[in-house]
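Q: In case you want the letters, here they are:
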Amino acid sequence: MKNIIMAAALSACIATSALAETFTFVVPQKPGSGTTVWTEIVLKELARFMPGHTLKLRNFPGARDIPAVNAFQNELRFDNTIIMVSHGGNGVSFLQENVDYNYADWESIGMMNLNIIVGKRLDADLENIVFASKSGRVPDAMGMALLLCGKLDSIAEYTTCFKSKVNWVPGFGNGGDRRLAFKRGELTVDRENPAAYKKHIAPNGDAEVWFHHGILQADGTHADDVNYPGLQMEILYEQKWGEAPSGPMYDAYVLVKSFRDAMQKAFWVNAGNPNAEVLQKALLEMSKDPQAIKAIQKKVGKYEWVLGEAGNARRDVLMSFVTEDALRDLVTFSNDALNIKAVYKESIVNPDAILTVVEDVAEEETLVQRISNWFKKLTK
Amino acid sequence: MAAILTLLAGTFYGLIIGLIPSAGATTGLVALFGFISYFSFDPYLGVIFCMAVVASSTTGDTYAGILLGIPGANSAAATMVDGYPLAQQGRATEALTAAITTSTINGLFWGTLTFALLPQYAKLIMYFGIPELWAFILLSLACVGFVSNRFWFRSIIAICVGIFIGLIGIDPETNIDRFTFGWDYLGDGVQLMPLVAGLFAFPEIIAGWRRGNSIATIGEETHTHQTWEGIKAVWKYKWDALRGGAIGAFVGFLPGLGGAMGDWMSYGATVASHPEEEFGNGNMRGVVGPEGSNNAQKATSMIPTVLFGIPGASFAAVLLGLFAYLGFELGTQEIAADIKFFDSLTFGFMWATVITGILCVAFNKQIAKITYVPYIYYFPFLVGFIIWACVQYTGGWQDYAILGITTCLGLFMKKYKFSRPALLMAFILAMKIEALSLQMWFIYSVDTLVTRPLFLGIMSVVIMLLVFSIVKRSKLEYA
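As you go down the protein sequences, you meet chains A and B in turn.
The opening residue of the first sequence carries number 408 in this note's numbering; numbering runs sequentially from there.
The opening residue of the second sequence carries number 127 in this note's numbering; numbering runs sequentially from there.
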């Protein structure tokens, strides 16, 4: 009997160890950053729903948080134990920068869909707004341009109107300096995600909500935020200008706000990864566990989770917003009005063009590569 | 319970680092980069640990200065001038006890004033708009470059180099790479850890290695008697101790000074106050004066560091980076409202000061034995530990390359007396200088700037410091 029990125990151990995996979650930022902290919080809870497996976080920081995501696209995703953690800024970069990655090649494990709230000081002069610039704030700038300027015929006209009404101030970071400048009145308009808005702007008696972008629905439309009802950009636009927003500027605005807000925090694996099901199942179980969700919400706020196949569907909805006109208009406005060096990437609209872009980049030899090649020749 | 264990761990770690010749608070904090992320489950424990390291290493570095004639850190260099001769005269315990008691009392006094009132100082932030912060940063660079080093032109070069290195990475306006020379690794900028290790840790370790070993011992019979004599000396020279503390506290409050600056100013003030006495050959006042300064300075350095995100001294610059890793962005509205953060700062610093003070006085003789260990035994561990911490960024060859480059830079600057603190300060503040300059340019005009008295006042001081450094050179040569 003793031998049977020992054999059974041994078999169980062998079986468990054979199935056990070490999953590495690659975060494109430094330790201590917002996405790192979010990942640490989620992994702590997720681990309970993946017994026998080890969940590991790897920081892979780099310029504009792009190198890690590029590395995932080019190399890391082919390892079935690697999960990419992306954030909203990656979505904006995907649209208008020369990045390698393409969400279409990946499979969603889960993502958080959230809204961004734009606040203004009570004494703000809406004809002379002072707002901190950042590439991740392109949707906010476009929303402002639509609200302030109404329906115009071209992106050039929106650019002129935006520049006449908004002082787009460079140099601010994502955190404290901007919030402090807003509180002191040096900036007159600011924006935050819902949790940060509640924490930093709502308690400020000198400020109020101006507008928000709405929450992306499964069918591709944006719904009003129940926390700030009646203040969605589209609703305010219609109240002010007597018609619903439409036209090229609005299409570009919808494109960029969707890519930023709907994938604010997301887990991805390579398409066809055999471990996807295990990960999706664990995340689903975690999302149904009141204790886990309470622990996460306590630290990161009440955000909507979109899990598994629903995440892929959400990604596909986002990709359907990408049209040649909308993308061109977004790039034009970013360059002309916001001084962001954006590029139009045909590869997003026409996937066949990807190879062309990669080849162009490969032809450029950097200084370090030149030195490296020179050194190799020398040592030969 | 976790907080107490963390406090004890930080205190012992800091004490040991402080005892190692040429190490000190900055080196001890630099080595923390390798494992600071382990505190991510409770970042406040990380704050306690860091503050305990700051407090205990500051007290601990006195040992090497007095017993071996090697400063544990630059902050102990002034103490060494009269402390080492006292040790050679057989009064090592007396000098150590006096130094530690003075350091502890001033640390507690100024620590209480600083940490108890720190949330109140937070209101100051609202008076410091973008122009005032910009001017304040210039003031800090002027202090570290022009006052703490007599070679003002070399300091300007160091500041320029520091700003250049600090600007490597992403241009915040155009969002494209700059000064990266096509090296993708630099896209996220030069990391603080290898820069600090290269500028400070390795040059000091190498200097310590070259100096070799010099051993002093504490006599058995005189030990107990001298401990009591040392405590009495603090009371006897209380005004020197308090003056030193006040000078250290003031210097600590001014961003960019700290460390050697406060200690040498206190030592200078002590010498100047007693023109009839001889210094440099074992005068107890020469120990009590500068030792009053170092812990007080560490405490008040936290005011500009925490409230404005502007490091009050070299160690605070490293602390700023460590706290950023823990998710605390200093100089922000959120930090000013984070009571638990302030409590952790206070708890870590104050209790580590008390524990270290008691331990050091009670176990002077035993603790001092660590300084008798030949350099060769801990040199490899210290070097290995720092290298390990420096290559945690990517783990690739680039980390080693950057460390090698910064070490060469540090050795060059030390040899030719270019101000390393000025370079570090400029590096850390470079992005802030650029950001504030852009913000000021876009939001303010000359007309609005001249209506801001605080801005004008700070700028006047900056200009006066520059003129002072050119006309009447500082005597300090610390590089």
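Since the hints were derived computationally from the structure, they do not count as laboratory data.
A few of these clues could be false.
List time: in silico BS3-like cross-link candidates among lysine-lysine, alpha-carbon distance up to 25 Å [claimed, not checked]: (1) A:Lys688 with A:Lys701; (2) B:Lys362 with A:Lys590; (3) B:Lys466 with A:Lys590; (4) A:Lys590 with A:Lys605; (5) A:Lys572 with A:Lys647; (6) A:Lys748 with B:Lys558; (7) A:Lys709 with A:Lys688; (8) A:Lys748 with A:Lys463; (9) A:Lys709 with B:Lys558; (10) B:Lys491 with A:Lys705; (11) A:Lys705 with A:Lys463; (12) B:Lys362 with B:Lys491; (13) A:Lys647 with A:Lys463; (14) A:Lys558 with A:Lys572; (15) B:Lys558 with B:Lys358; (16) A:Lys605 with A:Lys705; (17) A:Lys705 with A:Lys451; (18) B:Lys358 with A:Lys605; (19) A:Lys701 with A:Lys570; (20) A:Lys572 with A:Lys709; (21) A:Lys647 with A:Lys451; (22) A:Lys647 with A:Lys570; (23) B:Lys466 with A:Lys451; (24) B:Lys466 with A:Lys701.
Q: Run every hint past the structure and note whether it holds.
A: Hints and how they fare:
1. A:Lys688 with A:Lys701: holds (19 Å)
2. B:Lys362 with A:Lys590: Violated: Lys362 (chain B) and Lys590 (chain A) sit about 51 Å apart, past 25 Å.
3. B:Lys466 with A:Lys590: holds (23 Å)
4. A:Lys590 with A:Lys605: This hinted pair holds, its Cα atoms lying about 14 Å apart.
5. A:Lys572 with A:Lys647: This hinted pair holds, its Cα atoms lying about 17 Å apart.
6. A:Lys748 with B:Lys558: holds (22 Å)
7. A:Lys709 with A:Lys688: holds (21 Å)
8. A:Lys748 with A:Lys463: Between Lys748 (chain A) and Lys463 (chain A) the Cα gap is close to 35 Å, so the pair fails against 25 Å, i.e. violated.
9. A:Lys709 with B:Lys558: Violated: Lys709 (chain A) and Lys558 (chain B) sit about 33 Å apart, past 25 Å.
10. B:Lys491 with A:Lys705: Violated, at roughly 51 Å.
11. A:Lys705 with A:Lys463: Roughly 22 Å separates the two Cα atoms, so the pair holds.
12. B:Lys362 with B:Lys491: Holds. Lys362 (chain B) to Lys491 (chain B) sits at ~23 Å (cutoff 25 Å).
13. A:Lys647 with A:Lys463: violated (51 Å)
14. A:Lys558 with A:Lys572: Answer holds: Lys558 (chain A) to Lys572 (chain A) is near 15 Å, not above 25 Å.
15. B:Lys558 with B:Lys358: violated (48 Å)
16. A:Lys605 with A:Lys705: holds (13 Å)
17. A:Lys705 with A:Lys451: Between Lys705 (chain A) and Lys451 (chain A) the Cα gap is close to 14 Å, so the pair holds against 25 Å.
18. B:Lys358 with A:Lys605: violated (57 Å)
19. A:Lys701 with A:Lys570: violated (44 Å)
20. A:Lys572 with A:Lys709: Status violated; Cα separation ~34 Å.
21. A:Lys647 with A:Lys451: violated (47 Å)
22. A:Lys647 with A:Lys570: holds (20 Å)
23. B:Lys466 with A:Lys451: holds (23 Å)
24. B:Lys466 with A:Lys701: holds (22 Å)
In terms of the numbered hints stated before, the structure departs from hints 2, 8, 9, 10, 13, 15, 18, 19, 20 and 21, listed from lowest to highest.
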